[in-house]
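Just so you know, the sequence shown maps onto residues 1 to 280 in the numbering used here.
It is possible that some hints are incorrect.
To be verified - The following label-pair restraints were derived from C-beta to C-beta distances:
#: 1; residue 1: 223; residue 2: 256; range: 36 to 46 angstroms
#: 2; residue 1: 255; residue 2: 131; range: 20 to 30 angstroms
#: 3; residue 1: 190; residue 2: 223; range: 17 to 27 angstroms
#: 4; residue 1: 277; residue 2: 191; range: 35 to 45 angstroms
#: 5; residue 1: 182; residue 2: 82; range: 36 to 46 angstroms
#: 6; residue 1: 223; residue 2: 277; range: 16 to 26 angstroms
#: 7; residue 1: 87; residue 2: 131; range: 17 to 27 angstroms
#: 8; residue 1: 198; residue 2: 84; range: 31 to 41 angstroms
No lab work stands behind these hints: they were computed from the structure.
Glycine included, each C-beta is placed from N, C-alpha and C at the ideal position.
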Amino acid sequence: MGRLPDAVLRRPLNRDARGQATMSNKPIESWLTDMDGVLVHEGSPVPGAVEFIGRLRASGKPFLVLTNNSIYTPRDLHARLSRLGFDLPETAIWTSALATAQFLADQRPGGTAYVIGEAGLTTALHNAGYILTDYQPEYCVLGETRNYSFEAITTMIRLINTGSRFICTNPDATGPSNEGALPAAGSVAALITRATGKEPYYVGKPNPMMMRSALNQIGAHSETAAMIGDRMDTDVLCGLEAGLRTVLVLTGISKREDVDHHPFRPSRIVDSVADLIDEI
Numbered sequence: 001m002g003r004l005p006d007a008v009l010r011r012p013l014n015r016d017a018r019g020q021a022t023m024s025n026k027p028i029e030s031w032l033t034d035m036d037g038v039l040v041h042e043g044s045p046v047p048g049a050v051e052f053i054g055r056l057r058a059s060g061k062p063f064l065v066l067t068n069n070s071i072y073t074p075r076d077l078h079a080r081l082s083r084l085g086f087d088l089p090e091t092a093i094w095t096s097a098l099a100t101a102q103f104l105a106d107q108r109p110g111g112t113a114y115v116i117g118e119a120g121l122t123t124a125l126h127n128a129g130y131i132l133t134d135y136q137p138e139y140c141v142l143g144e145t146r147n148y149s150f151e152a153i154t155t156m157i158r159l160i161n162t163g164s165r166f167i168c169t170n171p172d173a174t175g176p177s178n179e180g181a182l183p184a185a186g187s188v189a190a191l192i193t194r195a196t197g198k199e200p201y202y203v204g205k206p207n208p209m210m211m212r213s214a215l216n217q218i219g220a221h222s223e224t225a226a227m228i229g230d231r232m233d234t235d236v237l238c239g240l241e242a243g244l245r246t247v248l249v250l251t252g253i254s255k256r257e258d259v260d261h262h263p264f265r266p267s268r269i270v271d272s273v274a275d276l277i278d279e280i
């Protein structure tokens, strides 16, 4: 597979007659951006990321910060990001837990679920009107937790075997920690699938539903929206399949040389979100 010339990969966003940034014929009116690897890396803000969010807020354009991590509530993440200098309201944060709760509320309002996860997921489901129970739940919902319980996993396996539908917040196999990689929801889902023969429905990235639910949340349209991410296999793929223009930043997982290993490409590659500040 041939590599695109650097001049193309580094091509600046065009501007229309009003000076608005574009990557095609239509101006970008709304932005979605991943959090870890784009705004924050190893517990510290990416250089220029605080200013980037500040510019987005000042522009008045709709935007959301997305994360596949279902552990934390938007309030938790707001507090974490505030300590790092970000001026970001809770309403500008969209998690796989919120997307999962929205999906279930649309599919079966007021349903029941057995849940493995933390406050980010259980709070989202409660707020969506769901009852959490281990008695004949309509759904088994697997999310992230730092303390996966063998007993809880066994319960979920038995419930799925007796008819509960299997949902997982995201397919990520591992997650980061200061000590190294940790098994994440995707790995535990694989264990449950092996035991039950049932594949889960993944709501989070790279499912384009995550993007569409985020766009609906801010009243945005895919034709005039862009997704910024640090991973080809989740952020870029998800944005592409949802019809958004995509920007890969090199401050996280995927590197420039990784692009050639995929059958799809981002609309643009930049070193970091700092390169986009003047184009908002």
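Each hint, compared with the structure:
1. 223 to 256: 36 to 46 angstroms: violated, 27 angstroms
2. 255 to 131: 20 to 30 angstroms: violated, 45 angstroms
3. 190 to 223: 17 to 27 angstroms: The hinted range 17 to 27 angstroms is violated for residue 190 and residue 223, with Cβ atoms some 36 angstroms apart.
4. 277 to 191: 35 to 45 angstroms: holds, 43 angstroms
5. 182 to 82: 36 to 46 angstroms: violated, 25 angstroms
6. 223 to 277: 16 to 26 angstroms: holds, 24 angstroms
7. 87 to 131: 17 to 27 angstroms: violated, 37 angstroms
8. 198 to 84: 31 to 41 angstroms: 40 angstroms Cβ-Cβ, so the 31 to 41 angstroms window holds.
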